[in-house]
Every structure is written in C-alpha cells, then in structure tokens.
Amino acid sequence: MSPVSPGLILLFYLIFYLFLAGMFALTMYIMLLTLDDYKPTWQDRLATPGMMIRPKGDQLEITFSVSSTESWDGLVTNLNSFLSPYNDSYQVQTNDNCPPDQYFIQEDSGEVRNNPKRSCQFNRTVLEDCSGISDRFYGYNRGQPCILIKLNRVIGMLPGKDGQSPYVTCGAKREDSDKIGPLAYYPPNGTFNLMYYPYYGKRAQVNYTQPLVAVKFLNASMNTDINVECKVTSNTLADGSERDKFAGRVSFKLRINDK
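For the sequence shown, UniProt numbering assigns the number 1 to the initial residue and increments by one for each residue that follows.
What the hints contain is simulated information worked out from the structure, not anything from laboratory work. We put the beta carbon where it would ideally sit given N, CA and C, even for glycine. Hints are supplied without guarantee of correctness; some may be wrong.
[As the list claims (entries may be wrong)] Heads up, simulated SDA-like pairs for lysine to any residue below, C-alpha to C-alpha not over 20 Å straight-line:
| id | residue 1 | residue 2 |
| --- | --- | --- |
| 1 | 216 | 104 |
| 2 | 161 | 99 |
| 3 | 173 | 223 |
| 4 | 216 | 161 |
| 5 | 231 | 152 |
| 6 | 202 | 113 |
| 7 | 56 | 169 |
| 8 | 253 | 50 |
| 9 | 216 | 71 |
| 10 | 173 | 229 |
| 11 | 253 | 57 |
| 12 | 202 | 115 |
| 13 | 150 | 104 |
| 14 | 161 | 100 |
| 15 | 231 | 180 |
| 16 | 216 | 184 |
| 17 | 216 | 66 |
| 18 | 173 | 99 |
| 19 | 179 | 225 |
| 20 | 179 | 227 |
| 21 | 150 | 223 |
| 22 | 56 | 161 |
| 23 | 173 | 227 |
| 24 | 150 | 83 |
| 25 | 56 | 152 |
| 26 | 253 | 143 |
| 27 | 216 | 67 |
[Said to hold, decoys possible] Simulated DEER-style distance windows between Cβ atoms:
| id | residue 1 | residue 2 | range |
| --- | --- | --- | --- |
| 28 | 169 | 26 | 52 to 58 Å |
| 29 | 246 | 96 | 28 to 34 Å |
| 30 | 78 | 30 | 42 to 48 Å |
| 31 | 81 | 61 | 16 to 22 Å |
| 32 | 25 | 101 | 47 to 53 Å |
| 33 | 169 | 206 | 44 to 50 Å |
| 34 | 222 | 31 | 41 to 47 Å |
Could you build all of it, start to finish, from the sequences and the hints given here?
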C-alpha cells in the first residue's frame, strides 16, 4: 500500500476546515436573521426590576461629616454629573411634555417601525430641594442629604394599572427605626409616573430619560450607622424576593457625622 503524500493530507484538512468555517458562518447568518435590532428576541428577567441609588458611595455606604467639605464634595459632584442630562433646558429641546398618569404607547405599524420613538420630559426641577438648583449642596452641608433612586430599565415593562403609578417608600431597618427621622420625597409621594413607560430600548428610544425619585433625610441621627431600605410598591409588579436583595428594593448604610 503506497503512503499518502503530505500534499493530499494538507488538502484534506484545508477542505475540512473550510467546510467547518462555512457551516459556522451559515449558522451565524441564520441566527442573525432572527434578531431584532430594536428589541431583544428573548428576555429572561426578574418579575420585579432592581433599584439603585445615587450617589453610589462605597459598597452602598454613604458616610460624610457635615463640617468637612472634603467628605461630601465628591458626593455632590457625583450628583451634579448624574443630573446634567435632566436640566430643564435640555429636556425641553429633546423630549415631549406628556400628559401624566398614562402610558406613552408608541406602537409600530406592522413592519413599519415607529422609530426613533419619543420620550417624556423628566425635568430636574421636579426634584425640588434635591435638584441641586435651589440647594447646590443637596443638603449635605446641613446634614440633610438627598439620595436619588432609580428603577432599572426593562424593555416593555408596564409597572402600574388604572392610572396608579408605582411609588417609593424608605425606612430604617428595625434596629435603626428611631434614628432615621422624617423623610421628604420628590416628586410628591415618590412616584415613577406612568408616562415614562413603556421603555422601548436604547436604540429605539435614544433620548429616553429615566424617571427618578429623591429622598431627603430631614433629621437623621448623627454619629451613628443607619441601615436604610427603599422599596417600590406597584399594583402590577410582584413583591421582591428575599433571595434577591435588589429586586424592587435597595438597601444602603447612611452615616452623618457632625465633625
């Protein structure tokens, strides 16, 4: 039996790998045909979206000293940067003045895309004392800090019905219930108004401005750790699970020192 020449062996492997590459390319091409550029084909998500705060702080801990500008200056800078897209002048130019307490539905017409989709204004002034406008230090220089809360974006989510918007409530963990003091919410009642939903995705809704709720701590105890939990209440979203501490709620530690 005559030996196989090296040239034939190389030719075999060349054809074999070209075949594999072709199969891979064909599979990818067919898969890409099933994808929508503007909406995920599949969404595996929690029944209730997560929540997050601003400023973040380290490990969801916000610690500062009222008398030390350096301790809270970075927190104020963080809030200013985060809120810059919410300036009223920018919102008026880019987004719509929508009627409140109803969904801003923008459906496509069959195969005709209704893109880019419009977005509703969320003006910074809605946050009132926590807007950084009337009080450029957000209360940190007086020991009355503002915390901003946002609900994570979920494409197509409808977080309320019958004109009832979801709302945020905050409180101290049981052992710190006597330390937290009174709270103020902005917008009033701490609502994520229905007009900001549904969210259609970053590519379809390029100017979307995520609604916020601000919580102001008016008379929290000084020189002690306060474990705070904020959660969203809705008549369509399920209560968060104990297995996921960020589902529909967020917990953080607040410490306000007087020196």
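Quick rundown of the hints versus the structure:
Taking the CA atoms of residue 216 and residue 104, the gap is near 29 Å; set against the 20 Å cutoff, the hint is violated. The suggested pairing of residue 161 with residue 99 holds, with an alpha-carbon distance near 16 Å, which does not exceed 20 Å. With a C-alpha separation of about 17 Å, the suggested pair residue 173 and residue 223 falls inside the 20 Å cut-off, and the hint holds. Among the hinted pairs, residue 216 with residue 161 is inconsistent with the structure: their alpha-carbon atoms are about 28 Å apart, more than 20 Å.
Annotation: proposed proximity of residue 231 to residue 152 holds, straight-line Cα distance about 13 Å (limit 20 Å). Proposed proximity of residue 202 and residue 113 is supported: the alpha carbons are some 15 Å apart, at most 20 Å. Taking the CA atoms of residue 56 and residue 169, the gap is near 19 Å; set against the 20 Å cutoff, the hint holds. The straight-line distance between the Cα atoms of residue 253 and residue 50 is roughly 18 Å, inside the 20 Å bound, and the hint therefore holds.
Between residue 216 and residue 71 the CA atoms are separated by roughly 18 Å; this keeps the pair inside 20 Å, and the hint holds. With a CA separation close to 7 Å, the supplied pair residue 173 and residue 229 stays within the 20 Å bound. For the proposed pair residue 253 and residue 57, the alpha carbon gap of about 10 Å is at most 20 Å, so the pair holds. Taking the CA atoms of residue 202 and residue 115, the gap is about 11 Å. The hint holds against a cut of 20 Å.
For a cut-off of 20 Å, the pair hint linking residue 150 to residue 104 stands: about 19 Å separates their Cα positions. Between the alpha carbons of residue 161 and residue 100 the distance comes to roughly 13 Å, so the proposed pair stays at or under 20 Å and holds. A threshold of 20 Å between alpha carbons decides the hint, and for residue 231 with residue 180 the separation of about 16 Å falls inside it, so the pair holds. Distance hint between residue 216 and residue 184 is fulfilled; the C-alpha atoms sit about 5 Å from each other, no more than 20 Å.
Annotation: proposed proximity of residue 216 to residue 66 holds, straight-line Cα distance about 15 Å (limit 20 Å). Between the alpha carbons of residue 173 and residue 99 the distance comes to roughly 37 Å, so the proposed pair goes past 20 Å and is violated. Only pairs whose Cα atoms come within 20 Å are accepted, and residue 179 paired with residue 225 is accepted, the gap being roughly 9 Å. Taking the CA atoms of residue 179 and residue 227, the gap is near 9 Å; set against the 20 Å cutoff, the hint holds.
Taken as a hint, the residue 150 and residue 223 pair is broken in the structure, with Cα atoms around 27 Å apart against an allowance of 20 Å. Pair hint residue 56 plus residue 161 does not hold up; C-alpha atoms about 31 Å apart against a cutoff of 20 Å. For the proposed pair residue 173 and residue 227, the alpha carbon gap of about 6 Å is at most 20 Å, so the pair holds. The suggested pairing of residue 150 with residue 83 holds, with an alpha-carbon distance near 12 Å, which does not exceed 20 Å.
For the hint linking residue 56 to residue 152, the alpha-carbon distance of about 15 Å falls within 20 Å, and the restraint holds. As the CA atoms of residue 253 and residue 143 are separated by approximately 15 Å, the hinted pair is consistent with the 20 Å bound. For the hint pairing residue 216 with residue 67, the CA-to-CA distance comes to about 19 Å; that is within 20 Å, so the pair holds. The hint said 52 to 58 Å for the Cβ distance between residue 169 and residue 26, and at roughly 54 Å that hint holds.
Between residue 246 and residue 96 the Cβ separation comes to about 31 Å, which falls inside the hinted range of 28 to 34 Å. Checked against the given bound of 42 to 48 Å, the beta carbons of residue 78 and residue 30, roughly 46 Å apart, stay inside it. Remark: the range hint 16 to 22 Å for residue 81 to residue 61 is upheld by a beta-carbon distance near 20 Å. Distance hint check: the CB atoms of residue 25 and residue 101 are about 51 Å apart, consistent with the given range 47 to 53 Å.
Between residue 169 and residue 206 the C-beta distance comes to about 32 Å, which lies outside the given range of 44 to 50 Å. In this structure, residue 222 and residue 31 break the distance hint of 41 to 47 Å, their C-beta atoms being roughly 58 Å apart.
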